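Asks: Protein chains in written order, with this note's numbering: chain A, 818 to 1127; chain B, 5 to 291; chain C, -1 to 236; chain D, 208 to 459; chain E, 6 to 379.
If you're looking for bench data, these hints aren't it; they were derived computationally from the structure. Since we're looking at a predicted model, the values are computed, not measured. There's no promise every hint is true.
[Claimed, not checked] So the derived label-pair ranges between C-beta atoms look like this:
| hint | chain 1 | residue 1 | chain 2 | residue 2 | range |
| --- | --- | --- | --- | --- | --- |
| 1 | D | R268 | C | W118 | 48 to 58 Å |
| 2 | A | Y840 | B | T119 | 35 to 45 Å |
| 3 | C | E1 | B | L284 | 55 to 65 Å |
| 4 | A | A825 | D | E333 | 35 to 45 Å |
| 5 | C | A178 | A | P1111 | 40 to 50 Å |
[To be verified] Calculated lysine-lysine pairs in the BS3-like style (CA-CA distance at most 30 Å, straight line):
| hint | chain 1 | residue 1 | chain 2 | residue 2 |
| --- | --- | --- | --- | --- |
| 6 | C | K184 | D | K448 |
| 7 | C | K77 | B | K90 |
| 8 | E | K362 | E | K244 |
| 9 | E | K319 | E | K51 |
| 10 | E | K144 | E | K379 |
| 11 | E | K319 | E | K33 |
[As the list claims (entries may be wrong)] Short derived list, chain D residues pointing at chain C, Cβ under 10 Å:
| hint | residue |
| --- | --- |
| 12 | L225 |
| 13 | P246 |
| 14 | G248 |
| 15 | A349 |
| 16 | L378 |
| 17 | M407 |
| 18 | I441 |
| 19 | Y444 |
| 20 | L445 |
| 21 | G446 |
| 22 | K448 |
| 23 | F449 |
Cβ atoms here follow ideal geometry from the backbone N, Cα and C, with glycine treated the same way.
The residues making up each chain are set out below.
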Amino acid sequence: MKPLPLYASLVVGLAILAAAPLYGDNYVVRTAAIVAMYGALATSWNFIGGFTGYPSFSTAAFFGLGAYVGALCQRSGVPMVVAWAIASVAVAAFAALLGGILLRLRGHYFAIGSIAVVELCRLIVSSWSSLTGGGDGLNLPLVQGTPEDLMRFFLMVMLVILAASLLVTILVDRSRLGFGLRCIHQNEDAAAMVGVNTTAYKVAAYTLSAVFCAAAGATYASWTGYIDPTDSFQIVLTVKVVVMALLGGAGTILGPAIGAAAFVLLEEVFWANFIDWNRAILGLVIVVLIFFLPGGLLSLRRRLMPGGAA
Amino acid sequence: MAIYLQTLVNGLMLGALYACLAVGFSLVWGVLNVINMLHGSFIILGGYLTYFAWHAYGIHPVIMLPVVAALMFALGFALQRGLINKVVSAPVLTTLTLTFGLDMILYNAMTYFFTATPRRITLDLGAISLGPITLPVDRLLGTGLALLLTLLLYAVMRGSSIGRAIVAVRMDRMAAELMGIRTDRIYAITFGIGALMAGAAGVVFATIFPITTNVTGIWLGKAFVVCVVGGLGSVPGALVGGLVLGLVESFAGHWFGPQQAMTAGFLLMLVLLLTRPTGLVGVKGYE
Amino acid sequence: MAEPLLSLSGVTSGYGQIQVLWGMDLAVNAGEVVALVGSNGAGKSTLLRTISGQLAPSAGSIRFDGTEIGGSRPDIILKAGIAHVPEGRRLFRGLTVRDNLLLGAYLRTDKQAIADDLEWVFELFPILRERQRQDATTLSGGEQQMCAVGRGIMSRPRLLMIDELSLGLSPRMVEHLGNALVALNKAGQTILLVEQDVMTAFELSNRAYIVENGRVARTGASAELARDPTVSDAYLSI
Amino acid sequence: MSDPILRLEGVSKTFGGLKALTDVSFGLNEGEVVGLIGPNGAGKTTLVNVVTGNLRRSSGRIMFEGEDVGLQKPYQAARRGLARTFQIVQPFPAMTVLENVTAGALFGGGAASVGDARDKARQSLEFVGLAPLADRPAANLALAARKRLELAKSLAMNPKVLMLDEVNAGLNSSEIDGALDLIRKIADSGVTVLIIEHLMKVVLSLSKRLLVLHHGQLIADGPSREIVSDERVIEAYLGQKFAARLKEMHHG
Amino acid sequence: QEVIKIGAPLALTGGLADEGKKQDIVWKMWVEKVNAAGGLQVGDKKMKVELIEYDYQSEGQRASQLAEKLINDDKVQFLFAPFGSGHTKIVAGVGERYQIPTIACVASSESVFDQTFKHLFGTLSPNGGMTTAMVKLFKEKYPETKTIAVLGRDDVFPKSMAEGIAKAAEAQGLTVAYKELYPVGTMDHAAALSSIKATKPDWIYITGYTQDLILARKQMQDLGVTAPIVTMVTGPSYKEFTEGLGKLANGITSSSWWHHATSYTGEGVWPTTAAFYEEFKAKTGGDPDYVHGSCAAAGEVIADALERTGSLDKAKLRDAIAATDIQTFYGPIKFGPNGMNLPRELPIIQVQDETIKVLAPAAIKNADMIAMPK
Ligand SMILES: Nc1ncnc2c1ncn2[C@@H]1O[C@H](COP(=O)(O)OP(=O)(O)OP(=O)(O)O)[C@@H](O)[C@H]1O
Ligand SMILES: Nc1ncnc2c1ncn2[C@@H]1O[C@H](COP(=O)(O)OP(=O)(O)OP(=O)(O)O)[C@@H](O)[C@H]1O
Ligand SMILES: [Mg+2]
Ligand SMILES: [Mg+2]
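The shape of chain A in the complex, shown without the other chains (with noise of 0.2 Å):
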């Protein structure tokens, strides 16, 4: 995309999520915050799945260590908003290590082992009670406020953090490290040898793909105040980001969050709409998808306009 229209998409895109308190009521806030949640979530990804092409299932593991290391932080007296740089911190640290020990792998391996990771994140931290109170989970301190304030505020938070995460990822696409992880994804050998620092591009890809997710995980702890280890580390909120991601294309720089807004909004209309049917009906919208958009939601852009697309 061209940086005019793609900066205009941007704002629009973000000013509509952010508008959302002035035209419509606390759910609709609520759905708003929830798009900019997966928007981060997806978006992050993307730096491992979408530029580098390695398919991480390690969202949920970084998403419910945030939660956890930001909750435990305000547990213990830090102030929120501290101990969500302290979550998304501590957490792109971890990342950083594991990648460098998890990256040697690679293809259908490396998606394994990075499942692997969400499903040992949620067995540690519900077999080590003394710290994380186990299957009780934890409760966080409430924040104060009507809930319309909250609301706002915390949609405001996620926005930040999409803000962020897209923010670096334009950076990054234009950048050395862009370049570098697009050669990877091609062809990594050929990347080695045209002089990639190969690990270290993957690790700081992978850890590009914690650190929001922590961040979003820790605020989102904060928001529902409580979190337990089975609704932390799920394994469906990593594929789900996939999706996600899938649906608006993956290694573009919106089509992720596009995807997350695309996904959560039929998520809603389905769910509303047919109870007993709506996981199916999510299901076939997934494998119709699969066929007639193999490209994502942005392909559809190049379709109806040949000649628009950059």
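Keeping the supplied structure of chain A fixed, place chains B, C, D and E with the ligands upon it in accordance with the hints.
Replies: Okay, now just chains B, C, D and E with the ligands, sitting in the frame of chain A:
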């Protein structure tokens, strides 16, 4: 001492079931390069078919085994032929997302028609005592069936020309076509075999574990672990992987408590992924 | 003269939008060795793929032993008697040499004859007998080529097509394989050979076709072509 | 003569029980063009892989510009100026030709920015004659052009030593002639070149010195003319018929 | 005409679907009955009740989303929390934020109620009461009971029961020979049961969801693991348990919050336990369990508060609920300072001849305890 023997036996019996559950998944992954997210639901579907046949008509699970196997083969064959084949050469993420979507549909349908109530077949066959160890007969039967099925599949893969064709297609699709092998049909057969083995595992499981849609994810997770531990795409791989996982869970459960049993399984898998990505008995190049 | 075993007339073919063959005419008589030579990307492999059914011709006719086979499925063409040893050997990893050879006979059901043919391949390439339990892809390049040719023979074809016999092989190995092909032909095997090394190709064949840009540019007896100065200038400078 | 720019001292490489390289020692002098021949599976590609860090040598030393680089990673080799091509060409298929070469200039050639790298990439494309195809996706190139692309990419990395693994295999005579000119041009610009090739025409017309590997051992190292008439080399590699043909050519 | 709106995020699909459906059945029964009688008394008029349910598919995140939707879009005045302590916590958090009174019918862990939420009320009594009395009763009955083995699911309620029983047992002089938790998703208990067998305990106490317990009981049988006393919480409280196990269920003891054999009388649409039982049986063909009882009683709490307040004022309603002190078919309801129903003597039950018998408290006892059949 007795407790170790018992733990060993528990582990082996569990392991054989794991092998049976994973072998179809492993084959589909290895040959078609498709991570079949439907596998867990296939197992449960097999279980439900068996349960309702038993519950409504009193048909014994052993009789249902070939019936379920045939039905599931047909279902798998049709799914592959009609849908999955169309994107079979797309990247991992595409096929994974597709089977994930299909799984959502199947899962939803099963929950709708069968409800989430856990079902179980009680055969009440008693137990055999061998000195200090106790062997539950229905589990023993299940273990035996699981092993038999796995070995049968091994024989087919090893000795028959279909088996050779499956391996050939897995390694080089184009060259396989030149041997006169119809790859789309082999794909469908392989996916059918995957579904068949899942269904057969479901029949065996219905007599041992509760059958409910909630557990599809758990079984799918086990299949993953077994594949990685044993090595992808080969029957002996699934067998070794299953037995090892069963033993690890059993002994870890005994030594460190049940809370650590599953953790140990996943840790084992991670360690193996990093040190021996081809799995314990995997062949180089099978990845 | 009787009808040729294989005859192509006006065959066009390609990959999706990209047309590669532009009206090919070619004939192979029973008992002959025919060579196809031509520059890289001229369409030689594409031609073999079209004959063996991996690609469907968009026009023209391919007749084999009196019946039209153009556009049939690979398994049907193989059954009709055409085997194709592909470029780059393409042996199956994870299968032994023996299993690879047996896969060549995948469509056959005559167990005893298969066993005899296997024996014959082992006689032709004794090294394969020694290595029959080894994973085929751990063989050296030349041995792999022998295994690939052997696998082609195992379908008991009436026409054996070999793509790039010598690619990536040492000169010594090429010599060895060449001898084997001559022996095979003596035993009655009809062969269509694609070969980059024109010298080798002319040495092994009775007749040759020179392919350029998806069309036949020259054809004739190999010995004559080898003497033709215009041919040697373009293709024979070592 | 000054010290060799690249020197192998007793390098061995084993895969499990298989000895792919056994105690190989030789040196390449700056600006030299050397051919490396040997039967299939002799270990030629393995040797290149060991030098560029794609494989870790089992023992021995690999000295580049006086420094032991035996433990380097491939990307470090690239940045040091040890470039190579792959026997099976490895482009970034979905990128354009220009982007492919830009990658070389950016990461291996040490360009300061993506813009600079692009400029340098244009120069290399010009040099190998691919400039007209700059905006084509690399996947669409014909084999000869793909091999040229591989060369352009290596050139953009400012290599000091360039190892060419069968860059001419599969090319026809006129394409080979073009490639030969190109390689000569590269060598003339001062780059040390190691050519691996089964096409004796190519090897002999470019290099005055030949190395011969057989079963992982270096069985000969010397002036080309002598090597091709060496009995051991004929026995192991050339075969009698071909050797005779070569001899005939030289006399005729 | 104005209506009273009650919102309920329910698990109608997913892992907790069966439990969710139970809530659904009784709530609908209650609403139907109330509306048939013209509605609830609010001040001097009667108002109809509308129950708005959404399926949250057993996913916590969705439960909170739906609670919010109920409050914002559907403008409900009350919330019924879903099954289980974990999801109750999530929904209660939303209710608290919007100051919407939330009635938790199936959450008994004190940890749910100790967060100083002002709008959360629970109809179950604290599960602390379930352990001490049980140890006491069993020791009385079988004085030779010396050791206990405890195996619990690592989840809010089952875990707190497992810890509670171990503490109560130790306090009364028993030795805890084995105590472990198993993680959610465990499909095989052979290792734990074999270890338990090796300790030869006098009493085996296992907690978990029905599906876990069925599996555990089956494997105990398979592996020849038994003890004079076997307790499974809350297994026999559910008919799925007894139906799923058949004869194998015999002898298993458990505790429950309510049993239909009790006879309470009180206000509300069902004046007596028997009246509720009859109607339920007629409607569904089965016996109600504590989930049914507690959920139906939750409606009565709301009815009572509306009647006393006489208006729909949020703050007044909350205070009125906090001051609840009523008798119902389900028993007395009076909330303690943390919002939980006050402790009372809870039924201890045992499966005998595939039916549920009540062993205690004395007032409703209908059978004597028996040892586990061999
Ligand atoms: N799978 C494919 N998809 C698209 N184009 C292809 C494909 N395979 C080959 N081509 C193109 O078709 C043309 C002819 O290729 P072909 O492989 O038939 O040539 P060839 O004569 O066998 O050359 P070589 O000597 O390299 O084997 C080339 O331009 C090539 O790029
Ligand atoms: N990664 C590997 N693992 C195991 N064996 C290997 C590996 N790479 C190469 N080999 C073996 O090492 C030997 C040398 O192989 P290499 O590719 O270096 O030969 P080469 O001289 O380049 O042959 P060619 O001329 O056919 O390209 C061969 O026997 C090969 O099978
Ligand atoms: Mg070719
Ligand atoms: Mg090589």
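Asks: Checking against the hints above, which ones are violated?
Replies: Those not satisfied: there are none.
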